[in-house]
Amino acid sequence: MNPQSTLPPTPAALPPKSGDPSAPAGSGHKGPRSEVKLFAGLGHVALAVWAVIVIVPILWTFLAAFKNTSEIFSSPWTLPAELRWENFGRAWTKAHVGRYFLNSVIVVSCSTFLTMLLGSMAAYVLARYKFWGNRAVYFLFVSGLAFPVFLALVPLFFVVKNLGLLDTHTGVVLVYSAYSLPFTVFFLAAFFKTLPSSVAEAGMIDGCGHTRLFFQVMMPMAKPGLISVTIFNIIGQWAQYQLPLVLLSNAKDKWVLTQGIADISVNAGYEADWSGLFAALTIAILPMIIVYAVFQRQIQAGLTSGAVK
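0 is the number of the first residue of the sequence shown in numbering that gives the first Met the number 0; add one for each residue after it.
These aren't lab readings, by the way, just hints derived from the structure by calculation. In this text, a Cβ means the ideal position worked out from N, Cα and C, and glycines have one as well. Just so you know, not all the hints are guaranteed correct.
[As the list claims (entries may be wrong)] Distance condition first, Cα-Cα at most 30 Å in a straight line; then the derived BS3-like pairs of lysine-lysine: (1) K129 <-> K222; (2) K192 <-> K222; (3) K129 <-> K192; (4) K93 <-> K251; (5) K222 <-> K93; (6) K160 <-> K251; (7) K253 <-> K160.
[Said to hold, decoys possible] What follows is a set of in silico ranges between Cβ atoms, one per label pair, in the way DEER data are often shown: (8) L82 <-> F146: 42 to 52 Å; (9) A238 <-> W59: 17 to 27 Å; (10) R211 <-> K129: 19 to 29 Å; (11) L82 <-> V293: 32 to 42 Å; (12) L144 <-> A250: 25 to 35 Å.
Using the sequences provided together with the hints, build the complete structure.
What follows is the structure, encoded as C-alpha cells:
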C-alpha cells in the first residue's frame, strides 16, 4: 500500500469555500466588493442624470441670452447666429436690471453680515456654555427649519408695517436675517462643539474675556464652517422671491433682482422681448455660479471638517 495515498489533500487542492474573499473571479461568488462597485456605478449614473437635469437648462438660458426672439422659438437648441451683447445692455438699462442688481447686493450683503454675526454668537453660546434652558433655546431655533415661510407672510406683513419698515430695505434685511438664523445656528452649533476645549482654556488663562475669546480665538478656528454657512446664506437670500414680493410691493425703485426678473417675464408676454428676459436671467445666475466656483474648496472643507474632527 502506498503511504502517500492516506495523506490529506494539500491546501491547493481544496475547493474554495463559499464566501471566501480570496476565491477566483470565475468561481461564481459575488463578494462585498462587487456589491460596492454596483452601488457606486448606480450612484455615478444618478449623479450624471442629475447633472444633465441641472446643467442643460442653465446652458440653454445662456445661449438664449445671445439670440433674438425668432431664433429662440425657431431653433431653440442651436447656437446663436451671432453674439448679441445688446440684449444684456437692454436688460440692464431698459428693464432696470442694473438698479435691481444693486438693490440685491445691498440687501444680501447687509442681511448676510447680520445673520452671521448674530447666528455665530448664538451658536457659540449654545454649544460651549451650559445654562438652564440651553436645550430649549436651541430647539426653538432649530424648529424654524420646519416652519414654511409662506405660512407667516400675512402676520409678517403686519409686523413689519407696524414697525414702519414696510417698503424699506431695512425691513427686508431684518426679515432675511431672522429667516436665515435657524439654519445658521443649527450648522454652527454642531461645528463649535468640535473645536478643542484646551485652546479656549488656554485663552482664558492668558487673560481673554469671553468676547475676546470668541472673536480672536474661536472664530478663526471656525473659519471653514463660517465660510460654508455664509455662502449658503448668500445663495438662499439672493434667490428669495416671496419675502421681497410682500415687503417691497409698493416700492418699485427698491425691488430686488428676483422681483425685477418676474416683472420682465410679465412684460415679455406683451413686448415679446424674450432675449432680454434670458439676458436678465443670465445676469442673476452668473454671480452665484462664480461665488460657488471660487469658494468650492472652502465649502467642502467646512462641511467635512466637523466629521473629521
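Evaluation of the provided hints:
Between K129 and K222, the direct Cα distance comes to roughly 23 Å. Compliance with the 30 Å bound is thereby established for this hinted pair. Distance check on the hinted pair: K192 and K222 sit about 14 Å apart at the alpha-carbon level, within 30 Å; holds. Between K129 and K192 the alpha-carbon distance is near 12 Å, which keeps this suggested pair within the 30 Å criterion. Annotation: proposed proximity of K93 to K251 holds, straight-line Cα distance about 14 Å (limit 30 Å).
Restraint check: the Cα-Cα separation between K222 and K93 comes to about 41 Å, which exceeds 30 Å; the hinted pair is violated. Between K160 and K251 the alpha-carbon distance is near 17 Å, which keeps this suggested pair within the 30 Å criterion. The suggested pairing of K253 with K160 holds, with an alpha-carbon distance near 16 Å, which does not exceed 30 Å. With their beta carbons about 46 Å apart, L82 and F146 fall inside the hinted range of 42 to 52 Å.
Between A238 and W59 the C-beta distance comes to about 19 Å, which sits within the given range of 17 to 27 Å. Our hint of 19 to 29 Å for R211 and K129 holds, since their Cβ atoms are close to 21 Å apart. Checked against the hint of 32 to 42 Å, the C-beta distance between L82 and V293 comes to roughly 25 Å, which is inconsistent with it. Our hint of 25 to 35 Å for L144 and A250 holds, since their Cβ atoms are close to 30 Å apart.
Violated hints, in rising order: 5 and 11; the structure is consistent with all others.
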